[in-house]
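Trainee: Using the sequences and the accompanying hints, generate a full structural model.
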Amino acid sequence: MNADFQTIAALVVVALAATWLVVRAVQLRRKPGCGGGCACPTEKLKR
Amino acid sequence: MSLPAHITAGPGAAPSRMPVYALVGNPNCGKSTLFNALTGLKQKVGNYPGVTVEKKIGTAYTQHGQPITVIDLPGAYSLAARSPDEAVTRDVLLGRRADTPQPDRILCIVDATNLERNLYLVHQILDLGRPVILVLNMMDLAARAGLRVRVTRLEHEFGIPVIPCEAVNGKGLIELKLAMSRAELPLSRHAWAIPAPIAPAVTELQASLIANDRKAPLIARAEALLLLTDQDSVRVAGSAPLGARTTEILRQWQSRWEEEGTDWAGTLVNSRYEVIGKICESVVTPADHTGPTASDRIDAFATHPVWGWLTLGAVMMLLFLSIFTLAEYPMNFIDRRIAALADAVKSAMPEGDLRDLITDGAIAGVGGVIVFLPQILILFFFIGLLESTGYMARAAFIMDRLMSRVGLNGKSFIPLLSSYACAIPGIMATRTIEDPKDRLVTILVAPLMSCSARLPVYLLMIAALVPGDRVPLLTKVGIMIFMYALGTFGAFAFAWLFKRTLLKGAPPVMIMELPPYRMPAIKDVAQHMLERAWLFLRRAGTVILGISIVLWFLAAYPKAPEGVTPTQQLAQSFAGRAGHALEPIIAPLGFDWQIGIGLITSFAAREVFVSTMSVVFNAEAKDDDTTPLRQAMLEAKWPDGRPLFTPLVCFTLMIFYVFAMQCMSTIAVVRRETNSWKWPLFQTAYMTGTAWVLSLLFYQAGRALGL
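Protein chains in written order, with the working numbering: chain A, -1 to 45; chain B, 55 to 761.
By construction, these hints were calculated from the structure, which means they are not laboratory data.
Incorrect hints may appear among the rest.
Derived pair list, reagent style EDC-like, types lysine to aspartate or glutamate, alpha-carbon separation capped at 20 Å [said to hold, decoys possible]:
1) B:Lys691 - B:Glu616
2) B:Lys332 - A:Asp2
3) B:Lys332 - B:Glu209
4) B:Lys558 - B:Asp454
5) B:Lys225 - B:Glu209
6) B:Lys400 - A:Asp2
Mentor: Below you can see the structure in the form of structure tokens.
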């Protein structure tokens, strides 16, 4: 695994993580709340 | 006995689709415990009122495996709802909620130790003309208190099935499921004569509600009775405003009664209580002895003006002592495993960005937070024990003496208490507060209570307080209690300020029921604790992992020319530039640009500060071995060689985190609960502004004193 390959793979992972965070933030804006990810039981309370 | 005029035959038959049961009752009578027992779900339960603030839907199965939908509703003393959570119960029962099916049948759960008060709601529900099963819960506590409840007699009085039950022990569940699975349930035969002065008004309002407001006959009658119980017709109507004609009829009757001097609202309430009183006389044999119960004897101490505070202090001390002592070994174990994992990856992979991303980003970021799992578990175990035994309500009672002085509603305590775990359920729990201004004040100050996300930040700072030495245990406990007390008294101070400026209102009155002490339900406590552990780990494996990966990129790019030191690389990275941009604002607080990076990222969530420090200081590490975060922080220096994390800076950082509003999720929930961006923005501004000012004052005062 050479350094260039590692750089490309790392950047792909970063891009995926950033995209996921942005999508999650947009979803939270559409459906305000903690989204169940804040270690609180809100997701259940909303049911 | 003939059937009351409003009840016609028919609704007792089982519906063709899956029957929908609503589970209703007074607060803290065991609804959620019964709901969990019926559905197998794990909704939060606690021995204090106001745990459930929103409806919850689950599926139960009869003895024959037929599914039944069960809706757990927030506790209510009456259908004349006074708070948002009670309004949910009323609206579901009256079929006003578009998102919830109107229940076909109703499970009324009552506390057998306090039948008279609990039957008021049951009496109102019988007016709805739907099949009702009455569940007499806490029969064990009633027996222990010397009360004898004649179940058959009660069944005869109301003409509905009555099931004695101990929901917490699972007793009576089989009988209850058998009753629920009956194809037909009898409608109540209970006849209640509406007092003569009110009866014609009920008839006229019912007719108008049917004709002008398109209500079903039985719902119209129930609403007419509610309108004639509550002085505030707008509140009764809630989301379904009354038509002009019905409003006019109501006003005409009210004017007439006022001229006659008739207490119309009191007449109906008193009449119901009169009927209920007679039923209770024939159904309940009171205890032979009237001396103090075991709960009374404990309360004489636990709610005493002096001993009560000392007890509360001792409980807090025990909690934090446990956090520091019991968690030490599992924390060290996790810490070592994380370091070993990072070292294993480093030795298995050649140098490169992907290896750095895995070790310095993902493992350092997530591991830095996961290491606090044992302490989080201990915190929630203690909270669960205190909730389950009923001590939380006593803590509310003690604190009310202080809270009422600052103008906080007694009902604010439970939301504030919930906020020690997480501000979000705390803010949602404010739905139990009737007065909108009191509710808003509580929402505004709830995030000042130190939530579990602050715990890793406090623990990291306490660990970094004394260079090269271990901080004495009692000092750690003392600092932790101080931080929790600072947030609590800060919340009280701001509540006092808001109640006298922005949100002026009448001084609140504390009405809170002290539930009897119970043995802790260890299964529920353990379940709640494990659930929290799972949520914590899930958060670490999703949001914190994502942020750590992005943060690694921001700390590693753009790449500096060959030969620069890791610190120089970090300084010229995107994250470093952002930290440097913030430095002029935070330098007066003793924070440098590296801490600035943590302050920026922890706007997403407070514990991200810890993972950020892990990523930042791992990025700066020179060798291939993973340095413990505490050690790396203690070695961090200003450019002039001064240590960065001095005790004064650690303390200042903790003070900053006590007050700063750094939680996107909380901001989003406040926006939803207040239906406006004005309040969450105001809240963010006042909290973060206060954090900055107090940190500045503390740091500069410390510097002036030579600390």
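Trainee: Taking the hints in turn, state whether each one holds.
Mentor: Now the hints, each set against the structure:
A threshold of 20 Å between alpha carbons decides the hint, and for Lys691 (chain B) with Glu616 (chain B) the separation of about 23 Å lies outside it, so the pair is violated. Straight-line distance between C-alpha atoms of Lys332 (chain B) and Asp2 (chain A) comes to about 86 Å, which puts the hinted pair past the 20 Å bound. Proximity of Lys332 (chain B) to Glu209 (chain B) is assessed by CA-CA distance (about 14 Å); at most 20 Å being required, the pair is judged to hold. Taken as a hint, the Lys558 (chain B) and Asp454 (chain B) pair is honoured in the structure, with Cα atoms around 19 Å apart against an allowance of 20 Å.
Only pairs whose Cα atoms come within 20 Å are accepted, and Lys225 (chain B) paired with Glu209 (chain B) is accepted, the gap being roughly 19 Å. Of the supplied pair hints, the one linking Lys400 (chain B) and Asp2 (chain A) holds, its CA atoms being roughly 17 Å apart against a limit of 20 Å.
Hint compliance for this structure: hints 1 and 2 are broken, all remaining hints hold.
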